[in-house]
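Peer 1: Protein chains in written order, with our numbering: chain R, 1 to 223; chain B, 1 to 223.
Hints are supplied without guarantee of correctness; some may be wrong.
Just so you know, same-sequence chains aren't split out, so a pair can sit in one copy or run between any two.
Dumping the calculated BS3-like pairs for lysine-lysine here, alpha-carbon to alpha-carbon at most 25 Å [unchecked claim]:
#1 K99 to K151
#2 K200 to K57
#3 K25 to K4
#4 K81 to K151
#5 K181 to K17
#6 K154 to K99
#7 K150 to K81
#8 K25 to K61
#9 K99 to K18
#10 K216 to K26
#11 K107 to K26
#12 K4 to K18
#13 K26 to K181
#14 K25 to K182
Just so you know, the hints here were simulated from the structure itself, not pulled from any lab data. Here the structure is a predicted model, which means the values were calculated and not measured.
Protein chains: 2
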Amino acid sequence: MEKKELVVLEEILGSNKKIAAEIRKKLEQEGILTVNFLSSPGSGKTTLLERIVEVLKPAHKLAVIEGDIETERDAERIRQKGVPAWQITTGGACHLEAKMVARILSKIPAETHLLFIENVGNLVCPASYDLGESLRCVLLSAPEGDDKPKKYPKAFLTADCLIITKADLVPLLPFSLEQAKKEALEINPRLHVFVTSALKGEGIQELVQFFLARRKELTQRHA
Amino acid sequence: MEKKELVVLEEILGSNKKIAAEIRKKLEQEGILTVNFLSSPGSGKTTLLERIVEVLKPAHKLAVIEGDIETERDAERIRQKGVPAWQITTGGACHLEAKMVARILSKIPAETHLLFIENVGNLVCPASYDLGESLRCVLLSAPEGDDKPKKYPKAFLTADCLIITKADLVPLLPFSLEQAKKEALEINPRLHVFVTSALKGEGIQELVQFFLARRKELTQRHA
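Produce the entire structure from the sequences given, and follow the hints as far as they go.
Peer 2: In structure tokens form, the structure reads like this:
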């Protein structure tokens, strides 16, 4: 990268970091646990969110921000579950930034328990942008292959959770769950790992219980 | 995007375009057909390349450039097939640029027939960077879903070929081949569409014959 590019990039990231810190402070003070989901296109972020929302909705107030380059499709899918959802279409940009989330913040109901943010499908660029989340989850779908953590390390290094998705396909694929976990944990030993299948409902309860435990900690911290 | 960012981005893209035009001119004059493969991480670019290389190697001189953020893994896989391969590790950058390809150009044997470039796994950013290729192929793996073309339109808009991969999994997935093709062709009606399974060997011959026909045209044009 050339010097001029580097200077501009550092300015953007510095400004993003400040806005993200303000967002996190505001949301956590209101008792809202915010989860940022990032992954390649087609790893199953929206389908996983649909399953999570189905489990949580009866007892919890939820909100969802959907990031995409084009189309309102994902927000519509979440709204059909009866959960308020806002679509950010970046119009070409390859990641969400904190300032995009900040513009929506005033619309999030104050009594919300959990706010989910689905980033633009991209395993590279979103890893560099803190959105003010309390938890970052990286998804790796089994069809993508167990060699991805070391090829795209930053997403795994900066995440709190690794969610392996489409696990129902594992028996049909050249994919080793053990190898994927091992690679990811070598990059980031603090990762909480969940193995899920949104199609079969596998692993969703464990993930949801983890989010609820984290929200409980958060509300106790700010009580 | 802010004005300063836009100015820097335009400078980068302008300079990239010039370098790419020089690369294309040089390679095509030497009778080398260059194919740039781009897709999400884990769409099966390297495995498809392994199959293509197996078909072409007995009668054609090949060379491969592999782009990744980290690791030499993909180049090693190609070298095991007896084909010269150079790995570019971008160390964080989310796409290949023409200047990275330019640095390798002097190493490509002059009698090469086809040069394949595997971009960094990212369905967004690589679409903006011409690498001096004669043909651009976007891969869409069936597990990613048939709704991806409209969500990530630029890759489909700028490509010459759409290669649907992992087609052997279609019967197990909520994926419609017709819907995927329809969406992609609505964005770009000039796309040549190939349906492949690297695991089962499906569609590889058709794709290879297409590349060879394009190379024949190229060598006749420069005869």
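Peer 1: Indicate, hint by hint, whether the structure satisfies it.
Peer 2: So, going through the hints one by one against the coordinates:
no.	hint	result
1	K99 to K151	between (29 Å within a copy, 22 Å between copies)
2	K200 to K57	within (19 Å within a copy, 43 Å between copies)
3	K25 to K4	neither (32 Å within a copy, 29 Å between copies)
4	K81 to K151	between (35 Å within a copy, 21 Å between copies)
5	K181 to K17	neither (29 Å within a copy, 40 Å between copies)
6	K154 to K99	both (21 Å within a copy, 24 Å between copies)
7	K150 to K81	between (36 Å within a copy, 23 Å between copies)
8	K25 to K61	within (19 Å within a copy, 59 Å between copies)
9	K99 to K18	within (10 Å within a copy, 34 Å between copies)
10	K216 to K26	within (17 Å within a copy, 63 Å between copies)
11	K107 to K26	within (13 Å within a copy, 55 Å between copies)
12	K4 to K18	both (22 Å within a copy, 19 Å between copies)
13	K26 to K181	neither (34 Å within a copy, 45 Å between copies)
14	K25 to K182	neither (34 Å within a copy, 45 Å between copies)
Violation of the numbered hints given earlier is confined to hints 3, 5, 13 and 14; the remaining hints are satisfied by the structure.
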